[in-house]
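Asker: These two chains come separately, so use the hints to put the complex back together.
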Amino acid sequence: MKTTAFFEIHKQLGAKIVPFAGFEMPVEYSGIKDEHMTVRNGVGVFDVSHMGEIWVKGPKALAFLQRVTSNDVSKLKIGQAQYSCFQNSKGGIVDDLLVYYFEPEKYMLVVNASNIEKDWNWLVSQNNEGAELENASDKICQLAIQGPKATEVLQKLTDVNLSGIKYYTFVTGKFAGIDNVIISATGYTGAGGFEIYFYKEYAEQLWKAIFEAGAEEGIKPIGLGARDTLRLEMGYCLYGNDIDDTTSPIEAGLGWITKFTESKNFIDKDLLLKQKQEGAKRKLCGFVLIDRGIPRHGYPIVNAEGTIIGIVTSGTQSPVLNVGIGMGYVKKEYSEIGSEIFIEIRGKKIKAEIVKLPFIF
Amino acid sequence: MNIPENLKYTKDHEWIRVEGDDAFVGITDYAQGELGDIVFVDIDTVGETLEKEETFGTVEAVKTVSDLMMPVGGEVLEINPELEENPELVNKDPYGAGWMVRIRISDVAELESLLNAEKYKELINA
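Protein chains in written order, with our numbering: chain X, 10 to 370; chain E, 21 to 146.
Since the hints were made in silico from the structure, they are not lab data.
C-beta atoms are modelled at their ideal positions from N, C-alpha and C, and glycine is treated no differently.
Treat each hint with caution, since some may be false.
[Said to hold, decoys possible] Covered stretches of chain X (in silico footprint by chain E; criterion: 3 or more residues with CB under 8 Å from a CB of chain E, positions within the stretch not fixed):
id: 1; segment: 83-93
id: 2; segment: 160-171
[Claimed, not checked] Sample of chain E residues facing chain X (criterion: CB under 10 Å; computed from the structure):
id: 3; residue: P101
id: 4; residue: E104
id: 5; residue: A146
[What the hints assert, rightly or not] With a cut-off of at most 25 Å between alpha-carbon atoms, the simulated DSS-like pairs for lysine-lysine come out as follows:
id: 6; chain 1: E; residue 1: K112; chain 2: X; residue 2: K25
id: 7; chain 1: X; residue 1: K357; chain 2: E; residue 2: K141
id: 8; chain 1: E; residue 1: K112; chain 2: X; residue 2: K20
id: 9; chain 1: E; residue 1: K112; chain 2: X; residue 2: K365
id: 10; chain 1: X; residue 1: K20; chain 2: E; residue 2: K141
id: 11; chain 1: E; residue 1: K83; chain 2: X; residue 2: K11
id: 12; chain 1: E; residue 1: K83; chain 2: X; residue 2: K357
So that you can see chain E by itself, here it is in the shape it has in the complex (with noise of 0.2 Å):
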């Protein structure tokens, strides 16, 4: 199972990667497999800014629907072009080509509130 040292999760499965005043969002690799193949992710609440936990949009699989939620409050600023074409990037590379959203945070200490890589790895049991 990959867990990357450098992201916050949420017990939700997402993760979070900061890059200056703006992060990155997506599902983690346990998440993705759980789900199985991803065919659609729905995302349309670009502009709009959206506290911690709130729903930014669904992703679906074959199977299942799940919504996706914010790891922290912020404004979501992009969607990733390419998941509108390829939603399986998701499925290939779930930390990298595979991010869903970049969101501006609108407080930095709600980070403080999320799971380490190995707070993570715990939730999962990986």
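With the rest of the complex left out, here is chain X (with noise of 0.2 Å):
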């Protein structure tokens, strides 16, 4: 089991650790809910430093990242990022992740942990334009600092403007004393902030800066169980959850990273127009329990009739809505906001709504 670079103070502060994706990672430190409303109302620290960085660079890295992504990577301009997916080729995903634009033919992939080695295989299988590929994974840390208050907090840390980066853009300059750490306004909680990378012999000054530096807006470590519910809230989209190889991209909502412009030629792009065009038979759909009770992933999504309808994907009961909320493919002719579902709980039908996402704000 691998560990990130700040295993030994998640222990220090007495994080329940899990194995996941093949790290031992915090779960939790204080309580899922606390850590949840800490980030909503406050801010917090994850350490996500399992997740995977790989660099594409040279000539062929715009052509190569064009082929093999479903976004338009011609679209970024430097210091953008974008949301993106790997195609498997079988109309499924590979992987979801983002795509940071350094300068001209260097880019950078941040890709889920769980799928770094599936990832790194796939892009060198495919990679027949010739772009230089690192997989800079065990080198780079990265810390998400999420909340309202995170911009005060970091910006305590370094003379570049926080409040001058915009959401999916980020600036390399110096933080903490540091020089090169990649500051990007992007985050996975929908509470506004930052996730900040860097080498791994600066993981633990860092984390000593961040923490003494948000003393006064009572900063705290979050841990992946609080990550889960903030993302639910949000209706993002978790690899392994709510999409995997089997999933495409139009069924899940994200036809907006998919794109079909005739400069682009990507690998499923023709099977995924045909779906775009006919419509997917199932749609990933957000919905509110009416009933009480808490969707799990897995459970089956029935009509009143009792006939199954569909999955659900991810569920839980949200923090700040107090109520279960949860995704799950559903066939598309009970899709529509507003349609009546129910989710099978232990042999009962428990009522809910198709709702639009996301489910706060």
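Answerer: Quick look at the structure:
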């Protein structure tokens, strides 16, 4: 089992540690609900160093990325980041990722921890263009500092004007005395804030600096448990739950990152275009439980007659709304906002309603 | 770790406190800590007579679902009415305000098979 550079710190803080994607990771510290609300109302820090970073460089980088990712990389300006998918040539998703554009012929891909090896092997096998690939996952750490107070805390540590970094853009600069920290206005919580990337050797120094800077604002460490409830309240997909090798981005509501422009030929383009034109037979939908209950991954979704019409892919009780919320694939005819559906929980039919995502705001 | 001496325990981390013919049942301090924030206690077996180790309900934490098992056979008389609105009582006071059901024990001899505080402590390596 691997650990991140922050493992000893997590243990000292009394985190509950669980195996996740081949890493021993903190799932909670003070409790998932407390951590969740800390990020919604204040500021919290997630160790997400288990995630993978892959450099794509050289004169063939753009052509390669245009073919292996679903979004239009040519639209990126320097200093921008883009959400995207790798398609698996069968209409499914190898992984979802962020593409960072540093300079002409230099991109960084940030991928899910559980898929680092699979993505790497896929990219190497698909690299007909001859782009230069480097898997830097073991060298680069990532912290996500999220919440409405994240900017004021982090601003104490850098001269870079943080409020000037627009959503889905990034700056490389001096941060807490360390050069070349990538400061990215991205995140997986919907609460605002930053994700920072840096080399492993600075891990402890940065953690300490951030917690000192945030003491006044009540900064707290946040585990993977709250990371999941936070992303779910926003309706963000989690690879392995809501999307995988058997789901298409069209079904998953990721049409907005699947670009069928003429100048871009990507893996599965024809297949997905056909699906888009014909309409997907099922759709990933958000739903709220009307009756008391908590939906969970794998629970059947049924209609009033009890016939199976779908399956839950993610679910929890929303700490903000205090009701059961979830996402799941539902047959097209039941996927309209406002449709009444039922979640089968321990043999009982619990009433739910299809709602627009995100669940909050 | 809080493990009161006056209770009996199961290896599935329920406790039972006998009061006359009846008994109160809940989950242990260790169990609530392992589960984390409890958000729903789902029990719909009131009026049913269940066997020892039969499921009388379910406890849902943010991340996990866990079955609740009868420490001994008996009739489920009452659910703790406070848990509907305040399931977090199970976290805050697992042996007191966080009790889950009151039962009428079918056969008091079954109590003999349960763990005492010392044995339960050994089980969880506390």
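Asker: Give a verdict on every hint.
Answerer: Checked hints:
For the segment 83-93 of chain X, the assignment as covered by chain E is violated, since 0 residues bring a beta-carbon within under 8 Å of that chain's beta-carbons and 3 are needed. Residue count for the segment 160-171 of chain X with a Cβ under 8 Å from a Cβ of chain E: 0. That is fewer than the three needed, and the coverage hint is violated. Interface hint at P101 (chain E): violated, since its Cβ lies 14 Å from the closest Cβ of chain X, which is beyond the 10 Å cut-off. Because the beta carbon of E104 (chain E) sits about 8 Å from the nearest beta carbon in chain X, less than 10 Å, this interface hint is met.
Proximity of A146 (chain E) to chain X is violated relative to the hint, the smallest CB-CB distance being about 16 Å (cut-off 10 Å). Distance hint between K112 (chain E) and K25 (chain X) is fulfilled; the C-alpha atoms sit about 18 Å from each other, no more than 25 Å. A distance of roughly 37 Å separates the Cα atoms of K357 (chain X) and K141 (chain E); the hinted pair therefore is violated under the 25 Å criterion. Under the criterion of a C-alpha separation no larger than 25 Å, the hint pairing K112 (chain E) with K20 (chain X) is consistent with the structure, at around 24 Å.
The suggested pairing of K112 (chain E) with K365 (chain X) is violated, with an alpha-carbon distance near 35 Å, which exceeds 25 Å. A hinted pair counts as satisfied when its Cα atoms are at most 25 Å apart, and K20 (chain X) with K141 (chain E) qualifies at roughly 23 Å. Among the hinted pairs, K83 (chain E) with K11 (chain X) is consistent with the structure: their alpha-carbon atoms are about 23 Å apart, no more than 25 Å. Pair hint K83 (chain E) plus K357 (chain X) holds up; C-alpha atoms about 20 Å apart against a cutoff of 25 Å.
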